[in-house]
Amino acid sequence: MESADGVARTLPSIGRLSRGPPFGRAHGRFGLSPSGRLLPPAPRSQENADPQKTAFLLRKQWTLYSVTPLYRFSNAHLRDYARLLSAFIAAEKQKGLAVEVGVELAIKVAVSSLPDLKGSDQDQAAILVQLSSRSPASPKNSEEKLIWSGWFCCVSGDDLSENVAEDFTCLPLFLANGAECYTSIVGSWFQKTFDCCFRRLAISPLNLSWMAAMWTGCKVDKTTSAMELVFSVPCLPQPLDISYAIHPEDAKALWDTVQKTPGEITQEEVDVFMDCLYSHFHRHFKIHLSATKLVKVSTAIASAHCDGIIKFLQSQYLTGVLMLLTELAISQIQ
Amino acid sequence: HLATSLPLPSERDHLRPRIDLIAFMIDIKSKYSLKNVEASLAHVDASFFLGKVCFLVTGVGRVNYCSVEMNAIWKLGEVYCSPVLFCELELEGIRVATAQRLVRMLQICAGHIPGVSALCFGSLMRNSADD
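Just so you know, the protein sequences line up as chains A and B, in that order.
If you're matching positions, the first sequence starts at 1115 in my numbering and goes up one per residue.
If you're matching positions, the second sequence starts at 37 in my numbering and goes up one per residue.
In isolation and in its complexed conformation, chain B is listed as follows:
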């Protein structure tokens, strides 16, 4: 399900299936997208931040178009204990690889992979932050 911002409209709540993963997309060329994501984060229930949220940063192929400061994005990942993925949607190879990664993460979050749960993402994050 694709939405431009949160909260999702309440009319269709009863028809909506369970949400297993929320991927917030930030376009590095648009500061507006970062502000939008920051505002939407406030509407997410705290239980999602145990591995069911990730940040997807797009447009990283072109450094010279960068309008968003990288520190702000890293800080967001740290504060919300969620992984930050980078991709460039204009390149098909990277687009496909990123989609595969997200699908894999989704499978884990939905509980389809035995032995691995969404909570593992959180512990992986902590290890890399302490180096």
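Chain A with its partners taken away, still in its complex shape:
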């Protein structure tokens, strides 16, 4: 199978992650990317998925981690896990790893399942962990304030779940919002209890440009914010960031002329799209954006930063974005 002829179009079953012979020589270490990807199906009408349930995930900044499969994790014991985690946090605070100076806060842990966030039936339901604090001054009128949330999910992670043994649960993507100290406490509890490993998930400029192309093509109802790309210029004495904003309709019009097969995207199409944007910029400013590093992509669907930070903006495309992030998490694990 040669990569010369837009592979993904003729063999949709190969689809997203191509790990067969054509990539045999290039190792995963070298930022391997598939030559084509299937687009997530158009948002289905919300018969089973209630947008209200996942609305709290939108418009928050989530830090991404990849997680290796969890050993002996069970959906039936979520309450026990909440109890154990809460005891662990209390113990850590006792040890003097106090997270907030001064005020003593009682931390309540809630672990729940989000069954709507999955791609296929083989995926594990997403697991949500929330830390809320109740000020001890008024224990009865418990105004619980949510101080930290984190959730594990797996959307269309068949590549991973097919290859693991029975006792393992595959939830390769972890998203955290809140203070870093809580993230590390919760993370270390999970690592100790389920023998897994968390790693920050960074997004390479190549993958960011995929996201820019994929998300530009998505139909959004209302008038939306501009598409913005932020570039960082290397090798300068003072750091320089270039922000390139494009009207969303112009970007969509450009993408529509580039994309040939609806439902699939190839690397060539992404390259052509980005090259058009770069050459337009070069014509006006005489700067070669292709020599800089793409660090952030913001569209109406979502915004992603290369340090592994994501913000979801549209609930109908939430699963689609999660599918892409799951793929990145899986390739970091393997």
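In short, the hints are calculated from the structure, not lab data.
On a predicted model such as this, the values are computed, not experimentally measured, just so you know.
A hint or two may mislead.
Claimed, not checked - Okay, the calculated bits of chain A under chain B, using three or more residues with CB under 8 Å as the criterion:
id : segment
1  : 1310-1319
2  : 1407-1420
Stated by the list, open to error - Below, a list of computed lysine-lysine pairs in the DSSO-like style, where the Cα atoms sit at most 30 Å apart:
id : chain 1 : residue 1 : chain 2 : residue 2
3  : A       : Lys1400   : A       : Lys1336
4  : A       : Lys1167   : B       : Lys71
5  : A       : Lys1366   : A       : Lys1336
6  : A       : Lys1167   : A       : Lys1333
7  : A       : Lys1374   : A       : Lys1333
8  : A       : Lys1222   : B       : Lys111
9  : A       : Lys1407   : B       : Lys111
10 : B       : Lys111    : A       : Lys1410
11 : A       : Lys1222   : A       : Lys1174
12 : A       : Lys1259   : B       : Lys71
13 : A       : Lys1425   : B       : Lys111
14 : A       : Lys1410   : A       : Lys1400
15 : A       : Lys1259   : A       : Lys1306
16 : A       : Lys1410   : A       : Lys1174
17 : A       : Lys1306   : A       : Lys1174
18 : A       : Lys1222   : A       : Lys1336
19 : B       : Lys71     : A       : Lys1407
20 : B       : Lys71     : A       : Lys1400
21 : A       : Lys1336   : A       : Lys1306
Cβ coordinates follow ideal geometry from the N, Cα and C atoms, glycine included.
Based on the hints, put chain B in the right spot on chain A.
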């Protein structure tokens, strides 16, 4: 001799010594460098592609900075029948090892090693591609 792109300026043609090896450097963090190399390849005489050209890909230590798609680089190596070497210039050990490899290749291309010629690179490439 170091150049940012080809063709080389014609003014100094008569002073230039014979060129035995051309190493095209592609920085994996810069798509621009790949485009530059692709444009420069057009200016190279066909006889160089019998083992006197190689592609040197730098910056491979950091996967998360990758702006260039690996397939494009492999394809370049295949189309031009030239070896692709990977290195990370920021690490001294790898830098030194890569320099030694290039010097060795240069010695072969210049004919200083008896019994081995630049044409051998081409046949080595073909064998590994057929596996």
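Verification of the hints:
Only residues whose beta carbon comes within less than 8 Å of a beta carbon in chain B count, and the segment 1310-1319 of chain A has 4; three or more means the coverage holds. With a threshold of 8 Å between beta carbons, the proposed coverage of the segment 1407-1420 of chain A by chain B holds, since 3 of its residues qualify and at least three are required. Restraint check for Lys1400/A and Lys1336/A: not satisfied, since their Cα atoms lie roughly 34 Å apart, outside the 30 Å limit. For the given pair, Lys1167/A sits about 47 Å from Lys71/B by alpha-carbon distance, which is inconsistent with the 30 Å threshold.
Between the alpha carbons of Lys1366/A and Lys1336/A the distance comes to roughly 14 Å, so the proposed pair stays at or under 30 Å and holds. Between Lys1167/A and Lys1333/A the alpha-carbon distance is near 22 Å, which keeps this suggested pair within the 30 Å criterion. The straight-line distance between the Cα atoms of Lys1374/A and Lys1333/A is roughly 16 Å, inside the 30 Å bound, and the hint therefore holds. Of the supplied pair hints, the one linking Lys1222/A and Lys111/B is violated, its CA atoms being roughly 55 Å apart against a limit of 30 Å.
Our distance criterion of 30 Å between C-alpha atoms is met by Lys1407/A and Lys111/B, whose separation comes to about 23 Å. Taking the CA atoms of Lys111/B and Lys1410/A, the gap is about 29 Å. The hint holds against a cut of 30 Å. For the proposed pair Lys1222/A and Lys1174/A, the alpha carbon gap of about 21 Å is at most 30 Å, so the pair holds. A distance of roughly 53 Å separates the Cα atoms of Lys1259/A and Lys71/B; the hinted pair therefore is violated under the 30 Å criterion.
For a cut-off of 30 Å, the pair hint linking Lys1425/A to Lys111/B is broken: about 36 Å separates their Cα positions. The hinted pair formed by Lys1410/A and Lys1400/A meets the criterion: a straight-line CA distance of about 21 Å does not exceed 30 Å. The hinted pair formed by Lys1259/A and Lys1306/A meets the criterion: a straight-line CA distance of about 27 Å does not exceed 30 Å. Restraint check for Lys1410/A and Lys1174/A: satisfied, since their Cα atoms lie roughly 16 Å apart, inside the 30 Å limit.
The hinted pair formed by Lys1306/A and Lys1174/A meets the criterion: a straight-line CA distance of about 28 Å does not exceed 30 Å. At roughly 39 Å between alpha-carbon atoms, Lys1222/A and Lys1336/A are farther apart than 30 Å, so this suggested pair is violated. Proximity of Lys71/B to Lys1407/A is assessed by CA-CA distance (about 15 Å); at most 30 Å being required, the pair is judged to hold. Under the criterion of a C-alpha separation no larger than 30 Å, the hint pairing Lys71/B with Lys1400/A is consistent with the structure, at around 16 Å.
The hinted pair formed by Lys1336/A and Lys1306/A fails the criterion: a straight-line CA distance of about 46 Å is larger than 30 Å.
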